[in-house]
Amino acid sequence: DAGVTQSPTHLIKTRGQQVTLRCSPKSGHDTVSWYQQALGQGPQFIFQYYEEEERQRGNFPDRFSGHQFPNYSSELNVNALLLGDSALYLCASSLGTGYQPQHFGDGTRLSIL
Amino acid sequence: AQRVTQPEKLLSVFKGAPVELKCNYSYSGSPELFWYVQYSRQRLQLLLRHISRESIKGFTADLNKGETSFHLKKPFAQEEDSAMYYCALSEDAGGTSYGKLTFGQGTILTVHP
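Chains A and B, in that order, are what the protein sequence lines are. For the first sequence, this note's numbering assigns the number 113 to the last residue and increments by one with no breaks. For the second sequence, this note's numbering assigns the number 226 to the last residue and increments by one with no breaks.
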């Protein structure tokens with residue numbers, strides 16, 4: 001089991017563009033959470049998807065949106081990119097019941113020029 | 114709003130010395146607390162969680178609700194313990210699973226030979 005997989009590993013965009021990041025959860029997991037990690041900071045929660053719906057959302061603007069597919073994989077979309085969106089974006093998966101902990105992927109490094 | 118504070122950005126000890134990584138939190142409800150670790154060139158991984166009361170790689174952490182702390186301790190540090198350590202707090206997402214994780218800023222532990 002490869003665990004949580006994210007693609008792409010690196011991405012360079014310019015201000016104003018739009019980006020889509022992808023995540024496949026660990027086998028058996030049905031819940032996906034997304035985090036943004038700026039340099040030198042701890043990860044910050046963006047949102048969590050369960051049963052194809054956004055279950056919880058952090059303090060991020062509407063430019064950040066997501067989706068979960070029937071196979072539990074997920075996408076994070078960011079519109080109108082700003083320089084401040086440059087960060088490592090982490091996906092974490094877990095099982096939606098039984099208080100199981102979150103498992104993280106390697107992340108996607110997004111750079112905005 | 115919930116908050117996790119790790120007061121030390123850097124911590125250096127010698128091999129065989131005791132180590133304590135500090136974590137304080139603020140949360141109005143009943144928290145679930147975790148320690149995550151990131152070794153060099155590896156993904157973020159769960160080290161231990163409060164609810165399990167287990168010892169992983171010789172590390173333990175006790176939840177002190179009076180002092181709102183969840184310090185990570187190991188009696189004899191090893192060189193392979195050198196890594197970035199994050200304390201994290203989770204709120205209940207609806208009675209059956211963990212929701213968003215709130216992370217501290219992390220502590221880089223270096224164990225010298």
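If you are wondering where the hints come from, they were derived from the structure by calculation, not from laboratory data. We treat Cβ as the ideally placed atom computed from N, Cα and C, and that holds for glycine. Any given hint could be a false lead.
[Unchecked claim] Cβ-Cβ distance ranges computed for the label pairs, FRET-style: (1) Leu123(B) / Asn71(A): 29 to 35 Å; (2) Lys13(A) / Gln155(B): 24 to 30 Å; (3) Ile169(B) / Asn71(A): 29 to 35 Å; (4) Ala80(A) / Arg116(B): 35 to 41 Å; (5) Ser143(B) / Gly16(A): 40 to 46 Å; (6) Phe69(A) / Ala130(B): 23 to 29 Å; (7) Glu51(A) / His225(B): 35 to 41 Å; (8) Gln17(A) / Arg166(B): 20 to 26 Å; (9) Gly58(A) / Ala130(B): 35 to 41 Å; (10) Gln155(B) / Gln100(A): 34 to 40 Å; (11) Gln115(B) / Leu83(A): 24 to 30 Å; (12) Ala130(B) / Glu51(A): 29 to 35 Å.
[To be verified] Computed list of chain A residues with no C-beta within reach of chain B, every gap over 12 Å: (13) Gln37; (14) Ile46; (15) Leu90; (16) Ala92; (17) Asp106; (18) Ile112.
[What the hints assert, rightly or not] Just so you have them, the derived chain A footprint on chain B, three or more residues with Cβ under 8 Å: (19) 155-167; (20) 217-224.
Do the hints match the structure? See the list:
| no. | hint | in the structure |
| --- | --- | --- |
| 1 | Leu123(B) / Asn71(A): 29 to 35 Å | 42 Å, violated |
| 2 | Lys13(A) / Gln155(B): 24 to 30 Å | 27 Å, holds |
| 3 | Ile169(B) / Asn71(A): 29 to 35 Å | 32 Å, holds |
| 4 | Ala80(A) / Arg116(B): 35 to 41 Å | 29 Å, violated |
| 5 | Ser143(B) / Gly16(A): 40 to 46 Å | 44 Å, holds |
| 6 | Phe69(A) / Ala130(B): 23 to 29 Å | 49 Å, violated |
| 7 | Glu51(A) / His225(B): 35 to 41 Å | 49 Å, violated |
| 8 | Gln17(A) / Arg166(B): 20 to 26 Å | 48 Å, violated |
| 9 | Gly58(A) / Ala130(B): 35 to 41 Å | 38 Å, holds |
| 10 | Gln155(B) / Gln100(A): 34 to 40 Å | 21 Å, violated |
| 11 | Gln115(B) / Leu83(A): 24 to 30 Å | 28 Å, holds |
| 12 | Ala130(B) / Glu51(A): 29 to 35 Å | 48 Å, violated |
| 13 | Gln37 | 9 Å, violated |
| 14 | Ile46 | 9 Å, violated |
| 15 | Leu90 | 7 Å, violated |
| 16 | Ala92 | 8 Å, violated |
| 17 | Asp106 | 5 Å, violated |
| 18 | Ile112 | 22 Å, holds |
| 19 | 155-167 | holds (count 6) |
| 20 | 217-224 | holds (count 3) |
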